[in-house]
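Trainee: Here our numbering is used: position 68 in the sequence shown is 57, and no number is missing along the way.
Simulated from the structure, these hints should not be mistaken for laboratory data.
Be careful, since some hints might not be right.
Simulated crosslink set (DSBU-like; lysine-lysine; CA at most 35 Å straight-line) [claimed, not checked]:
{"no.": "1", "residue 1": "Lys(-1)", "residue 2": "Lys33"}
{"no.": "2", "residue 1": "Lys67", "residue 2": "Lys(-1)"}
{"no.": "3", "residue 1": "Lys70", "residue 2": "Lys104"}
{"no.": "4", "residue 1": "Lys87", "residue 2": "Lys33"}
The structure displayed is predicted, hence computed values, not measured ones.
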Amino acid sequence: MTASRNRVEKSAKAFRSIGEAAAELGLETHVLRYWESKFPRDVKPVKRADGRRLFRPQDLEALRAIQILVHERGMTLKGAKSILAEQGLVAVLSGAAKLGTAASPARELQQTVAKAFNAELPEGSAPKRQERLEGALVELTDLKARLDAMRVRRAA
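The task is simple: from the sequences and hints, build the whole structure.
Mentor: Take a look at the structure:
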């Protein structure tokens, strides 16, 4: 008889090996190791003396939340990390987490440009249209300056 036929179903509170955790989540083991390195606050498996990882139930919950954000909602790991930090695991797992709630200058600029180009303009309103476009250009220039300044700070 093989080991797979002798498997006993574990309780929800039992620790899982990396292979068991990966199978339960439908992921590869290297993905769990990578997420462990990127989310050290949320995923902290117990390591045995021989180096094997044992994932606790709370680790599996964190991995499920990351999986929801990254694979189902299409977020980056950085975005998933900030959502988990701001709103917590429970909000993500329950579906109550709000994505993209923070107003960003880029999103505001997109909305401004969309309004400028989609607005119905009566005849003879070319000066108003030019004003709106110049306003959008000023906002774009300001945003570029802020992005450049942020890049310089991060590079330093």
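Trainee: Could you run down the list of hints and mark each one as holding or not?
Mentor: Structure-based check of each hint:
1. Annotation: proposed proximity of Lys(-1) to Lys33 holds, straight-line Cα distance about 20 Å (limit 35 Å).
2. Taking the CA atoms of Lys67 and Lys(-1), the gap is about 33 Å. The hint holds against a cut of 35 Å.
3. A C-alpha spacing of about 32 Å is found between Lys70 and Lys104, which places the hinted pair at or below 35 Å, so the restraint holds.
4. Restraint check for Lys87 and Lys33: the C-alpha separation of about 25 Å stays at or below 35 Å, so the hint holds.
Figure legend: structure checked against the earlier numbered hints; every hint is met.
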